[in-house]
Amino acid sequence: MTPPLAGLDGPWWPLLSLVLFAALPTALWRVMAVLFARRIDERSEAFTWVKTVASALVMSVVAGLVLSPSGALAAVPLVGRLGSLVAGLAAFFLARRSLAAGVVAGEAVLIASAWYAMGR
Amino acid sequence: MTASAGGRFLRGARDALVLPAWVIGFSLSGIGPLAREVGHPIEIAMASTLLVWAGPAQVLFYGSIAAGAAWGTIALAVCLSSLRFLPMTVSILPLLRRPGQGAFEQALLAHYVTVTTWTESLRRLPDLPVEGRVPYYLGFSNACILVSAGMTGVGYLLSGALPLTLGAGLLFLTPVFFTLSLTAGARALPDAVALVLGFALTPLATLLAGRGFDTLLTGVVAGTVAYLIGRARRRPADFEALPP
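So the protein sequences, as listed, match chains A and B.
For what it's worth, my numbering labels the leading residue of the first sequence as 10, then goes sequentially.
For what it's worth, my numbering labels the leading residue of the second sequence as 715, then goes sequentially.
Same shape as in the complex, but just chain A (with noise of 0.2 Å):
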């Protein structure tokens, strides 16, 4: 485990230490966001990219919770994983695009691969 920096320990410590390395440099972004919005017109073709790189960004991350998981997700094998993904989707097309019908699908059929995978 990291120890505290020399002379901060103490009771404050695990609050300083979430502000400091967890909160800070993550509003860092967004309050860089904050002076660039200003300058950005929604219907501008920079923010026309800015959109389409932000889903591939977000879809990146599914990609690699999906592809490299870890904890118990792992236990599943990767056809489960991606069986259950394509689950989900056919089941929110098949509901008339039901958010909710998606995800119990995708859920149930991952659930059912992990009991069977872990030898139930």
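Keep in mind that a hint or two might mislead.
The following label-pair restraints were derived from C-beta to C-beta distances [claimed, not checked]:
#1 R728(B) - G128(A): 20 to 26 Å
#2 F102(A) - P755(B): 41 to 47 Å
#3 G864(B) - A99(A): 44 to 50 Å
#4 G720(B) - M127(A): 45 to 51 Å
#5 L921(B) - G128(A): 28 to 34 Å
#6 A780(B) - P86(A): 36 to 42 Å
What the simulated footprint calls covered on chain A by chain B, stretch by stretch (three residues with Cβ under 8 Å from a Cβ of chain B suffice, anywhere in the stretch; the number is not a length) [said to hold, decoys possible]:
#7 17–30
#8 59–70
#9 78–86
#10 98–107
Away from chain A, derived, C-beta distances all over 12 Å, residues of chain B [said to hold, decoys possible]:
#11 A717
#12 E845
#13 L852
#14 R948
It should be emphasised that the hints constitute simulated quantities derived from the structure, not laboratory data.
Virtual Cβ for every residue (Gly too), placed ideally from N, Cα, C.
Model the placement of chain B on the given structure of chain A, informed by the hints.
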């Protein structure tokens, strides 16, 4: 059909409580056990959800402390993982713009941006009148963040009590919800291209750039290709629209 600010706020909160708030809440319940592992008290675990409000950043923070990483390395990793908030927030703020809005209000709105609130807002806000968007967004986001902080606390208390199959289901909630939410929000061909390439190029980017930088590489490449396809399709129409 109420059009008052309070009505919009409650409508946003209600829409969040139907499903999205619980999805992100479940995904952040996993932060509780991680925080407990490094000896943080339950209120700090819950504060991490309120103050950081970014699942991957919180996972990195607690995972890195447990692994004994240097503080500078932890801050850099968190910083890189949160880079996605720049384009996400830049793309959501113009939708929430209203006359007389100061930088402080914008910074407050920016704090609530996370993958769930972003995908759902991008999908729902354009259909709302401009003056109703901020109250709706605040209702939606506050419901998400408060439910999630509560769920982080529940995860802290439940630590390790879940069977493995349900644990796998819990971890799958985030990817399946985001995939569907992004799909639901895709309005035109470029959006669909960005999603398909964003998924498909990730394994290649992981090989080329390694974990940590692969997301950024994929996002820029897939997003730019999708944007260029959209622009190529828009051009001819623009010329047709010109007066003779």
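Outcome of the hint check:
1. Checked against the given bound of 20 to 26 Å, the beta carbons of R728(B) and G128(A), roughly 42 Å apart, lie outside it.
2. About 45 Å separates the C-beta atoms of F102(A) and P755(B), a value consistent with the hinted range of 41 to 47 Å.
3. For G864(B) and A99(A), the Cβ-Cβ distance of about 33 Å falls outside the hinted range of 44 to 50 Å, so the restraint is violated.
4. Checked against the hint of 45 to 51 Å, the C-beta distance between G720(B) and M127(A) comes to roughly 49 Å, which is consistent with it.
5. Range check, L921(B) to G128(A): about 32 Å between beta-carbon atoms, so the 28 to 34 Å window is met.
6. Between A780(B) and P86(A) the CB atoms are about 27 Å apart, so this pair departs from the stated range of 36 to 42 Å.
7. Only when three residues or more bring their CB closer than 8 Å to a CB of chain B does the claim for the region 17–30 of chain A stand; here the count is 7, and the claim holds.
8. Using a Cβ-Cβ cut-off of 8 Å, 12 residues of the region 59–70 of chain A lie near chain B, which meets the minimum of three, so the contact claim holds.
9. As drawn, the region 78–86 of chain A meets chain B at 7 residues by the rule of a beta-carbon pair under 8 Å; at three or more, the given contact holds.
10. For the region 98–107 of chain A, the assignment as covered by chain B holds, since 3 residues bring a beta-carbon within under 8 Å of that chain's beta-carbons and 3 suffice.
11. At roughly 22 Å from the closest C-beta of chain A, the C-beta of A717(B) stays outside 12 Å, upholding its exclusion from the interface.
12. The non-interface label for E845(B) is consistent with chain A: the shortest C-beta to C-beta separation is roughly 16 Å, beyond 12 Å.
13. For L852(B), the shortest C-beta to C-beta distance to chain A comes to about 15 Å, beyond the 12 Å cut-off, and the non-interface label holds.
14. R948(B), annotated as away from the interface, has a beta carbon of chain A within 12 Å; the closest lies near 9 Å.
Against the hints set out earlier in the document, violations occur for numbers 1, 3, 6, 14.
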